[in-house]
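Peer 1: One-letter residues, chain by chain:
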Amino acid sequence: MAFSKISEIIKISDERGLPFWQIILEDDLLERNTTYEESFGRMKAMFDAMVQADKDYSADLRSQSGLSGGDGAKLEKFRQQNNRLIGDFLTMVMEKAVK
Amino acid sequence: MNIFDIIGPVMVGPSSSHTAGAVKIGYVSQKLLGEPVAKAEILLYGSFLATGKGHGTNFALVAGLLGMTQDDKRIPQSFEIARSQGIELVFGKANLKNYHPNSVQLNLTGKNGRHLEIIGESVGGSVINIANIDGLSANFSGDNPTLIVHNKDQPGHVAEVTSMLSHKSVNIATMQLYRANRGGEAVMVLELDQEIPQDALAWLSKLEGVNKVTYYSLK
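Top line first, the protein sequences correspond to chains A and B.
Take 1 as the starting number for the first sequence in our numbering and just add one per residue.
Take 100 as the starting number for the second sequence in our numbering and just add one per residue.
Next comes chain B alone, as it looks inside the complex (with noise of 0.2 Å):
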């Protein structure tokens, strides 16, 4: 935690976690797609979804998605923006359970194709926590540079992404692991001090056992 966790957000209101929070999602979201949005199907659930009329959260959520942070004057312009450039959204109700009350599912479609299933969760003060990539846990807050790994569950590809970042001077702050059933799917979330190269990340996606690489950079 740092004093601007605490002093903050300068944000275009009404709400830190309902609007902010919401527009920090949408941000970090395209940022792991890595490509320009092509479709968009926001999903709310819990408070999000009820209240989200009155907080905006939707335009916060498409505002985000645009690449847009939580103090931009066009927030509330984003569905008319996003529509000039042939963003095609889709709201509706997640179909979720016992997540945070302020959540939201967002199934992105890029313009090369690409695809990305995330679930995140507004905590409150417009810190937020990407609690789900493509139907496996995940855990981070988007403030650092964060490499997220899906493999089959063997031995060695811990060992293959950590002396890759070691290779690279790249400090890792946090690290999870996660698995869905033994010897099944398989993810590694870190959080690292530097930023990883591209040649590193392209690299790692073409080992055998690992089945897809996302990377939220901050720059």
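So that you can see chain A by itself, here it is in the shape it has in the complex (with noise of 0.2 Å):
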């Protein structure tokens, strides 16, 4: 990756009216040798992963162990409560990151 820092991006975005996943992309692109199609429809396949761990989960899965398991589910009723620091898209985000 061409990229050591945040700002880097953010500068190429600004002097090239360009998105920042835009400015990513077209990196990844190089550093891999693909092409537009492969890298997006890799990243969308991603995106679709995560939609889909999101519509399976269930309260009751369990890991192996029986340790982790079950704290999307308390994010979820966290999301609801109205004394929180942060604001819902910040929550929402943790909560579908733990399912």
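FYI, nobody ran anything at the bench for these hints, they're computed from the structure.
Predicted, not measured: the structure shown is a model, and the values here were computed from it.
Just so you know, not all the hints are guaranteed correct.
Pairs of lysine-lysine, PhoX-like flavour, derived with a Cα cap of 20 Å [what the hints assert, rightly or not]:
no.	chain 1	residue 1	chain 2	residue 2
1	B	Lys192	B	Lys138
2	B	Lys251	B	Lys305
3	A	Lys96	A	Lys55
4	A	Lys99	B	Lys138
5	A	Lys55	B	Lys172
6	B	Lys305	B	Lys267
For the chain B half of the interface with chain A, some residues (derived, Cβ under 8 Å), not all of them [what the hints assert, rightly or not]:
no.	residue
7	Met100
8	Ile102
9	Phe103
10	Ile106
11	Gly107
12	Val109
13	Pro113
14	Ser115
To be clear about the criterion: a stretch of chain A counts as covered by chain B if any three or more of its residues have a C-beta under 8 Å from a C-beta of chain B, and this derived list gives those stretches [as the list claims (entries may be wrong)]:
no.	segment
15	25 to 36
16	45 to 52
Cβ coordinates follow ideal geometry from the N, Cα and C atoms, glycine included.
Two independent chains are provided; combine them into the complex using the hints.
Peer 2: Following this line, the structure appears as structure tokens:
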């Protein structure tokens, strides 16, 4: 990857008037010597997997040891509380990430 | 490093290092063997050994040896599938010192009699490192086509390999040289931007002073 700081990406994004994600995609095309379709398609497959994980989530799912599981449901409940320090968007991101 | 090292992997869990990384080690190892696996001795070390049961590490390693990738839903059935293919599996504890806590030694025998001993490390986020092949250091992740040449430590062999690659227009991304002792056994590990044609590999393995050629292909 050609970047070592976020500020480098933002600078290029501002200079060229292109969105942040497109700068990353262009770098990926060079780094892995691939096509726009392959890179975008691969990222889309990741996103689809994340959406599917959220759809298939069950609060009852546990790991083999029984130690992991159920935290996504806890965050979903937390999201309904009013006394949170952070807003709904960030809470949702946390909830979906853990699910 | 690329963006897909940061985002991902899509895997059958539970652990990206103990499960997905283990699948990858198995997968790279069977490709390095270059023929179907007839027998695999799987020796775990460190935290792989201690926590392997909960993480399904043995299932994951066998799945990789069967050619499955980390998102294959058949990973939990890998033992049955191996048995149905007549593959002999032996599990045990590795006799290693000072290796990465997530290490495994795989002693493989192929259907055509080829032997290979590999030590693989799972370093996190499904990234792996092949640390040792047949007792000699290596050091590659399996993200690029990789050529490993075991040869006698004497002048000329590096030039033979690099001029062959130049002749076939294969670019070298990284190159490492190790030796067991001066004048003894030496190894070259080259990660490449392009694949090496089969005829070039055959030519290389017949050279005087070249003991073994192992190749990891992305195809």
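Peer 1: May I ask which of the numbered hints given earlier this structure violates, with the numbers listed in increasing order?
Peer 2: Hints 4 and 14 not satisfied by this model.
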